[in-house]
Amino acid sequence: MTGNADPTTATPASMAVDDSHPGQLLLTIAGRLDVAGTAALWQRTCDLIEQQQPQILRLEAAGIEYCDGSGIGLLLEIERRMVLRGGEFELSGLRDEFARLRDQFDLSRFTELPSPHPEPCCLPEATGMAAVKTWRALQALIHFIGELSVALLAALRRPRTIRWRDVWLTVEKAGVDALPIVALLSFLVGLIMAFQAAIPMRQFGTEIYVANLIGLATLRELGPLMTAIILAGRSASAFAAEIGTMKVNEEIDALTTMGLEPVPFLVVTRVLAALFVTPLLTLFADLLGLAGGSVVLLSLDYPLVTYIRQVQSAVGVGDCIGGLAKSLVFGIIIAAIGCLQGLRTGIGASAVGDAATRAVVSGIVLIVIGDGVFSVLYYYLGI
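Residues 1 to 383 (our numbering) are what the sequence shown spells out, left to right.
One or more hints might be untrue.
Taking lysine to aspartate or glutamate and the DMTMM-like style, the derived pairs with C-alpha atoms no more than 25 Å apart in a straight line are [as the list claims (entries may be wrong)]:
hint, residue 1, residue 2
1, Lys133, Asp354
2, Lys133, Glu242
3, Lys133, Glu147
None of these hints come from the bench; they were simulated from the model.
Make a model of the complete structure from these sequences and hints.
Right, dumping it as structure tokens:
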């Protein structure tokens, strides 16, 4: 960074070692500490400190003709190793322009590096840390719910401000692309549940009531729940990964700098897309679940028309509407949790993966809790 020496005529980096005094090590570095010179001295210097393990290390730097960021890194690394060992470090002769560059770095930031293997703590400390972490996550959730509610109300008042192109693109990714997996799982779940129910009902000669079970369970419970869990695994993790990558790449900060709030700009479109697509996928899952149950009744020599009439007599419009009401709430939960975990992504190579994992786990937990609330509510309402 500093220094006017011509690279073609400057002296190459060199280091002289004086270890004649017990417990002390004198290093004299001279020449050009650029990338090449620093690379030549770095490993030699580190090995020397580890072998000698001096109590006092004196570094004479008057002969340094040029020093850039890599050279400053070598000087800081020598001092850091001595500080970590509890030794003394003395630097002398460094030119003022190089010293000003070195003073820009705080050595304490490099001497207090976190251990890759954290020390185990006691149970009360672990419990307290978990409680604080849960409380902070709850605070972030409440703050996000309020911010999202305000953004949704503002979008409803001014629909033209919504980026509908992004909404329909998200609908395609989260909805149309999810049709095959929703169809497969819903059909198999209906098929398996019908086979399991047919075994005990055969003992009483009431296999026809398998249709009642499949119809009620699929429309009221399994259709919305299976669809929500599938979307939590597909869409919530995708939302968290997309927004988390933007957070790691500082694109969220760039949006804020340009005056665009992340929640109205990124979250609202995904929540609206989930609101549109989740009920439609739920209806599709209901249809395929009933189709899976029909296969079992057909194998038991019941005609298809009998199965259809039995289902019609067992379920009503209220059962279908109740399942769709669940799916609307589940859609909001899936999109909101995925976006929240994306916005809370930390720093590091594994941060995006951690955010996607938290989105899936949190989404499934909240879906099950919401389903329990709906069950109690429907029970007391007599629905």
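Hint check results:
1. Lys133 <-> Asp354: 15 Å, holds
2. Lys133 <-> Glu242: 24 Å, holds
3. Lys133 <-> Glu147: Holds - the C-alpha atoms of Glu147 and Lys133 are around 21 Å apart, at most 25 Å.
Checked against the numbered hints above, the structure violates none of them.
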